[in-house]
Amino acid sequence: MTKQKLIVIGAGMASGRALEQLFAANPDAYDVTLFNAEPRGNYDRIMLSPVLAGDKTYEEIVIHDSAWYEDNTVTCRFGEKIVSIDRAAKTVTAENGDVLAYDKLLFGTGSNPFIIPLPGHDLDGVIAYRDLEDTQAMMAKRAGDKVVVIGGGLLGLEAAAGMAAHGVDVTVVHIMGHLMERQLDEAAGYLLKKSLEDKGITVLCNANSKEIKGVDGKVSALMLDDGTELPCDLLVMAVGIRPNIALGAESGLATGRGIHVDDQMITSDENILAVGECVEHDGMVFGLVAPLYDQAKVVAKTLLGEEAKYEQKTLSTKLKVTGCDLFSAGDFAEAEGREDILFRDPARGVYKRLVIEDNKIIGAVMYGDTADGSWFFGMIKDGTDISEMRDTLIFGPAYQGGATADPLSAVAALPLDAEICGCNGVSKGDIVAAIEAGAGDLGAIRGTTKASASCGTCTGLVEQLLQVELGDDFKMPVAAPMCGCTDLTHEDVRRLIKSKELKSQEAVWQELGWKTRNGCHSCRPAINYYLLADWPVEYQDDPQSRFVNERKHANIQKDGTYSVVPRMWGGITTPDELRAIADAADKYKVPTVKVTGGQRIDLLGVKGEDLPSIWYDLGQAGLVSGHAYSKGLRTVKTCVGTDHCRFGTQDSTGLGIKLEKHLWGSWTPHKLKLAVSGCPRNCAEATCKDIGVICVDSGYEIHVGGAAGMEIKGTEVLCKVETEEEAMEVISAMTQIYRENAKYLDRIYKWMAKVGLDWIKEQIVDDLGNRKALADRFELSQSIYRKDPWAEHAKEKAEDYQPLADLTLEAAE
Amino acid sequence: MSWIDVGALNDIPVRGARIVKTPLGCVALFRTDEEEVFATSDRCPHKGGPLSEGIVHGKSVTCPLHNWVFSLESGEAQGADDGQIATFSVKVEDGRILMDGEELGKRSAA
Ligand code: SRM
Ligand SMILES: Cc1cc2nc3c(=O)[nH]c(=O)nc-3n(C[C@H](O)[C@H](O)[C@H](O)COP(=O)(O)OP(=O)(O)OC[C@H]3O[C@@H](n4cnc5c(N)ncnc54)[C@H](O)[C@@H]3O)c2cc1C
Ligand code: SF4
Ligand code: FES
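Chains as they are written, first to last, in our numbering: chain A, 6 to 818; chain B, 773 to 882.
Derived by calculation from the structure, the hints in this document are not laboratory data.
Source: prediction; values computed, not measured.
Glycine included, each C-beta is placed from N, C-alpha and C at the ideal position.
Check each hint, because a few of them may be wrong.
[Unchecked claim] Incomplete in silico selection of chain A near chain B, CB under 8 Å:
id, residue
1, N523
2, Q549
3, P808
Required output: the full structure, derived from the provided sequences and hints.
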């Protein structure tokens, strides 16, 4: 029997496996000619990363060497492309013009890396990460060279890690909020980012690339849309792949995202088959080798006329990034009825999350300790029912069958030399000895051994030890935790955010061992505030962690409409401002216009969709947000002072306006209200404000800690100063010390009851250096937050106030 | 099922929400994770609070008016509160959000 002619386009991993299967089943069925655009045969593309990192050589990752091709009498035409197909004549044309006839044709053309068509994408030095050439271009970079990688997915990070291992200065630019967002949740993404940063890689998330700059046709920098310029000598784009279907489409095969194939891997032409990343089967395209190898088996059988059927499996795949202790498998995609099991051990930087559906594990992400990864992976693949071991599942196989998860017995079982406090190197034995010597509570343990006296994360362990040793004699302390998400108090958290330099929400969740994935409505606003107060420059305010009023910059009303209160600096307004307010009230049909208790005007009952436009109109008249909705500076009430009043001693109106212009936009633990009265008659009610000023002949009396809400509190005098400048500095410092130290939702009077007026006086009245430092820190924060959110939202976020879509017409049809 | 494209995933901030007007009234679309979206009725059964304006945490939302918490998966009120919000089919494909037009139309007819 004469051999049939099989031409294969592409010597990749899929077609390579198909040929192995074919020759194993029947070495004599076909006369094979193999074309490959790359100037080499089949190698293990997956192993390019170890090659890049220097752990392997190209020779070690070759799958089929020339001896293999010879043994199987494959005619190799490497470095040659097929450029066209004549299906009627059953011939292909190679790049050099050769025309070859086939009986069967097999597509194995793989994928093309996607290149974002940014201006400059065709410059020299802009590459993808797909083949040996790309890898070699990256390996040519040396210590000190600068490389930018666009794409924080698996490939981009492998590229970055590989180059960083050679001392190359690498920056990863990722468009999403966290790395590998398809495989990892935010917590693991955060840990991954941290460990890449420890390797010296700069990671920019939420970063949008805008343009690639070049000099003499060669890449020189990447520009981001926020104006950042990242100089580089090589730019790697690793942002995804697209099935390579051009040749198939041109020759008239049915294509969609990939070349359409049926269950036998036959295309719309019965003599043409396709396998690998270039195919689309039942609506799916592929990007990992496991399904391609299944396809390869089927394609080999089909070629031999045997019956075979390709079936997609719900495949889970393990992923690893070189040098990072990371494991991700299975599915995290959206679906109802899925639950999480979560474990965090901040001291060891360990994070584990299992996604459970119908009593089966369907996904697992692990960081820091991936030893149990294979065990979980096995259960995902086998669909093991976990209902029996659910409570201890997350602790891994070692804890299954018998061992209890009771934390007390776990602590009791620890050997005496087990380290409890990592910061101070205190062992269980040291603590037990201290307890035996009479230390009966946490304070005493901290005093005698220093255990839990530094970062505090071992506090729980120390308390459990006390309980084990003392039994009923030890009462677990009941300091109220922030909320159900943590055992730490607000004060603990504030302290730890500063001492451990936690600068993102993910850092807080992870390092402080939050029990929930991303907090709740009670702790999130507090954490958001603490982070922005302590790290005004590094931390980005998170609108999604704010109560609706602060997110929408308006007070929500009981019927879902909003109120709009523009600022009237120090209670002063002008006919023009009043006209603008009146016009806006008319134009937006505002049902109620009210003078507030804070010396300004409230427009009540504005529709949510109208907010950006009413703000825009008011803004045209110079009116800005009054922050009547914020835990931040509200109003500075004033009286008429020396300008008009026969008793006035100082320019109270002027100082009020200055203060309001200085403090506006600042966020504080709770609302902050000020007033300046021109004399002790106190017409501005300054003695019941958070901060009040009473002007007297010889200067300014500064009052703090008043309120006239649910509780009525008269102020106490902080100090007296002679000049307006001093008054401003003291008030800045007062505001800042409150911002840096108070618990979220404590007004000044509540916080003062905890720390004492004397302590505040020591800090900002007696210690002039500290006063100035606090005022300077306030100013730094204000350089970012002293701005009108209304103008910004009207200009940039107006869309967010509209419905995403209106289906009232379409869906009714 | 008839899937309707209602907008881009990135039009909803992570842990945020947007509304879609439908014949059944406003439906809130919540994005709980980079790739995860849920759809529920926008009206709180307590006193009609707009749930899309609440704080989204885990797979739950807290009503902005009086802090009732609802599971976005089951629509059930959590903890001591008793109540249920409707949930709707929604999926994300290639960065687009799709809702089932038939479900939105059918239920309105009922
Ligand atoms: C509009 C206004 C009433 C008015 O028409 O005069 C008002 C309206 C509200 N106040 Fe007030 N307060 C207003 C002046 C006051 C004053 C008087 C003042 O500032 O001189 C007080 C007492 C002084 C004080 O704060 O010590 C006051 C003490 C409160 C309190 C109690 C605070 C406390 O610590 O005890 C709350 C509740 C809270 O903040 O938790 C509150 C909360 C509210 C809220 C925000 C309730 C809410 O959360 O929805 C109201 C919003 C209504 C709306 O939809 O716009 N409002 N509120 C005043 C706006 C002033 C402004 O121009 O910004
Ligand atoms: C760096 C890297 C790491 C990876 N890591 C993993 C991993 O950990 N796990 C995993 O499962 N997958 C991984 N993958 C994906 C995996 O490598 C691919 O799924 C697999 O190689 C696809 O096989 P294929 O045969 O379909 O295509 P390819 O292997 O891409 O082969 C296609 C070949 O066809 C050639 N060709 C194209 N057009 C023509 C033409 N007209 N004429 C002649 N020849 C042509 C191309 O030059 C190419 O050599 C990784 C990929 C890369 C790049
Ligand atoms: S006193 Fe009560 S009802 Fe009146 S505005 Fe203030 S919070 Fe609302
Ligand atoms: S309206 Fe939702 S909790 Fe009251």
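> Given A/N523 was flagged as interface, is its beta-carbon under 8 Å from a beta-carbon of chain B?
Replying inline: Since chain B brings a Cβ to about 6 Å from A/N523, closer than 8 Å, the hint holds.
>> Does the closest beta carbon of chain B sit nearer than 8 Å to the beta carbon of A/Q549?
In response: Given a least distance of 4 Å, the restraint on A/Q549 holds.
>> Tell me if the interface restraint on A/P808 is satisfied: Cβ within less than 8 Å of some Cβ in chain B.
In response: holds, 5 Å
Consistency with the previously given hints is maintained throughout, with no hint failing.
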